[in-house]
Amino acid sequence: MNLIVCLKQTFDTEEKVNIENGKVSEDGAKFIINPYDEYALEEAIRLKERFGGEVTAVTIGTDQAESALRTALAMGADKAVLVNDERLFGDEFTTSKVLAAVVKDKDYDLILSGYMSVDNGGGQSGLRLAEELDIPHVNAITKLEVQDNQVVVERDVEGDIEVIESNLPILITAQQGLNEPRYPSLPGIMKAKRKPIEELKAEDLAVDLDQIGSKTKIIDQVLPPKRQEGRILQGEINEQVNELVQLLQGEVNFNG
Amino acid sequence: MGRDVIVFAEVKNESLRNVSFEVLSAAKRIHDGGKITAVLFGDQPDSFADQLTSYGADEVLSVNHEQLESYTTDAYTQAFISIIEDKNPEVILMPHTASCKDFAPRLAAHLSCGLITDCTDVNIESGNIVFTRPIYAGKAFQKREVIEGKIFATIRPNNIPSRDIDNSRTTKIEEMKVDIKDIRTVVKEVVQKASDGVDLSEAKIIVSGGRGVKTAEGFEPLKELADVLGAAVGASRGACDAEYCDYSLQIGQTGKVVTPDLYIACGISGAIQHLAGMSNSKIIVAINKDPEAPIFDIADFGIVGDLFEVVPMLTEQFKQIINKQAS
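Same order as they appear, the protein sequences are chains Z and C.
Going by my numbering, the first residue of the first sequence is number 676, and it counts up by one from there.
Going by my numbering, the first residue of the second sequence is number -13, and it counts up by one from there.
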């Protein structure tokens, strides 16, 4: 079974975000594999361990993104592809066109990705990729079973669970709860150093640069307005509760 | 001239979702005199069309097909492709809900257009339509515009206020037929886990628990308070990791991002990744034993105390007030 995992390197979720000149400052930030993509990667590795085959991790990014691919290889991916070319960086439209160009010629049964990234949070690239490849998708899954050509998945729908059946090839995006990603083992890390990372430029891909430019543009990025200083209530607990209820009554509509 | 806008009006549990009216309000801000058409899928009562009209739709496009009675990616995508090809609107707006999150990106890919998801605001700035959306789960905000092709965006619930109802408007309904071919992903079953509560993303009030609830049973007092307030129950990652509750309740940078009118954090210390998911709530109340907990830095009102003492007292007080209002 051949599996492709599309992943993205993101800020660690415990990082504070600072903005400089309308851009998020990356100074000193710790980078990780986007947590949702990590669930996708873990699921792919488990499927490979069960059914055999190969896991290929794909990302688009600068030299820095190589460390995310090394982690993926250390966890158990077999191959990695880094699209490292500024001409191929753009919004979700561009990203999915580039991913499609990378994946199209590969032999795959299942493509996995996170259901969104914790930085940009667009939740688009994976699903767009499925449309580009003309394969079905299931979004935000919490359980996956594969038998022969058939897949049964559970999908998170605003807290409810949809049980969905479909066939390979398919693209799925991972939601939290799908699995608990492993930590790379020491032998895994050693082995990863010898595994290949293929680096691709625009010339290596069947893309027409004039046709894949971003359709949207970021004009500005700002921090949210600071919250007003709050109040810690004082007195006996029952007095505090009384006061809180009074304060909230003026502010919130409790009639549903 | 104006811009023609197609708005998707989503129905859930046999009523129109509130966010549908909020999306109409967004359309009103940017249509510049163009026609606003609300799209309704399935066999819906006429009252829905009236409601959409009173909230700002110029016309309601009713698309009825047995495959549209419940959601599947392929049916909704195919139906919408037909609508867009037929109406050729300049703008497409949808609610940022589970269904639209699922098919909007596919539709955008099919139409070869951009898509700006999860918008919390939209305005005209220097003649351009500018969308605002959170990034890093609300640790920052991004302003973004479409530079080529159709303007397509999804709007997060609870952020753009719906307009006042105008009942003087006359409802116009157009019926449209669509062809739907093979459905590649088949929904076999829906397991309702959230049925005993209110959906987090649209909840006006959320009562949320952290490690301080100590056990799965520790969520009971929070659920009782939520019941009284008609609120949804949420949780921090700590509570989910400790298996006190299901991951579907998690609020934070991983998990759900929420912006209710009132967020009551019980026994939540306030890790950065949790704050990202809720710090844009309108009013935040924190209840925690530890006066140094970071949650107090962003809370409007804080009570330093044991949640097992405070929460039942709150429940009792609110019960009395709400009973009084009802009688």
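What the hints contain is simulated information worked out from the structure, not anything from laboratory work.
Don't take every hint at face value.
Within a straight-line C-alpha distance of at most 25 Å, the following computed DSS-like cross-link-like pairs (lysine-lysine) qualify [stated by the list, open to error]:
#: 1; chain 1: Z; residue 1: K901; chain 2: C; residue 2: K268
#: 2; chain 1: Z; residue 1: K901; chain 2: C; residue 2: K190
#: 3; chain 1: Z; residue 1: K818; chain 2: C; residue 2: K129
#: 4; chain 1: Z; residue 1: K892; chain 2: C; residue 2: K129
#: 5; chain 1: C; residue 1: K136; chain 2: Z; residue 2: K901
#: 6; chain 1: Z; residue 1: K818; chain 2: C; residue 2: K136
#: 7; chain 1: C; residue 1: K73; chain 2: C; residue 2: K190
#: 8; chain 1: C; residue 1: K129; chain 2: C; residue 2: K(-2)
#: 9; chain 1: C; residue 1: K190; chain 2: C; residue 2: K(-2)
#: 10; chain 1: C; residue 1: K179; chain 2: C; residue 2: K136
#: 11; chain 1: C; residue 1: K268; chain 2: C; residue 2: K209
#: 12; chain 1: C; residue 1: K209; chain 2: Z; residue 2: K691
#: 13; chain 1: C; residue 1: K179; chain 2: Z; residue 2: K691
#: 14; chain 1: C; residue 1: K129; chain 2: C; residue 2: K14
#: 15; chain 1: Z; residue 1: K698; chain 2: C; residue 2: K(-2)
#: 16; chain 1: C; residue 1: K174; chain 2: Z; residue 2: K892
#: 17; chain 1: C; residue 1: K190; chain 2: Z; residue 2: K892
#: 18; chain 1: Z; residue 1: K705; chain 2: Z; residue 2: K818
Here chain C is said to cover these stretches of chain Z; the calculated rule only asks that three of the stretch's residues, wherever they fall, bring their Cβ under 8 Å from a Cβ of chain C [to be verified]:
#: 19; region: 700 to 708
#: 20; region: 732 to 745
#: 21; region: 779 to 789
#: 22; region: 871 to 877
#: 23; region: 883 to 894
#: 24; region: 906 to 919
Ideal placement from N, C-alpha and C gives every residue a C-beta, glycine not left out.
Here's how the hints hold up against the structure:
1. Z:K901 to C:K268: 12 Å, holds
2. Z:K901 to C:K190: 22 Å, holds
3. Z:K818 to C:K129: 35 Å, violated
4. Z:K892 to C:K129: Holds, because 9 Å separates the two Cα atoms, which is no more than 25 Å.
5. C:K136 to Z:K901: Given pair C:K136, Z:K901 is violated - Cα atoms ~34 Å apart, limit 25 Å.
6. Z:K818 to C:K136: 35 Å, violated
7. C:K73 to C:K190: 35 Å, violated
8. C:K129 to C:K(-2): 30 Å, violated
9. C:K190 to C:K(-2): Holds. C:K190 to C:K(-2) sits at ~17 Å (cutoff 25 Å).
10. C:K179 to C:K136: Outside the cut-off at roughly 37 Å; violated.
11. C:K268 to C:K209: Roughly 21 Å between the alpha carbons, so the hint for C:K268 and C:K209 holds.
12. C:K209 to Z:K691: Since the Cα atoms of C:K209 and Z:K691 sit roughly 32 Å apart, the hinted pair is violated (cutoff 25 Å).
13. C:K179 to Z:K691: 34 Å, violated
14. C:K129 to C:K14: Between C:K129 and C:K14 the Cα gap is close to 19 Å, so the pair holds against 25 Å.
15. Z:K698 to C:K(-2): The given pair, whose Cα atoms are some 39 Å apart, is violated under the 25 Å limit.
16. C:K174 to Z:K892: 40 Å, violated
17. C:K190 to Z:K892: 32 Å, violated
18. Z:K705 to Z:K818: With Cα atoms ~30 Å apart, Z:K705 and Z:K818 exceed 25 Å; violated.
19. 700 to 708: Coverage by chain C is violated here, the residue count being 0 at a Cβ distance below 8 Å.
20. 732 to 745: Violated: only 0 residues of the region 732 to 745 of chain Z have a Cβ under 8 Å from chain C.
21. 779 to 789: violated (count 0)
22. 871 to 877: violated (count 0)
23. 883 to 894: Holds: 7 residues of the region 883 to 894 of chain Z have a Cβ under 8 Å from chain C.
24. 906 to 919: Since three or more residues must qualify, the claim that chain C covers the region 906 to 919 of chain Z holds, with 9 doing so at under 8 Å.
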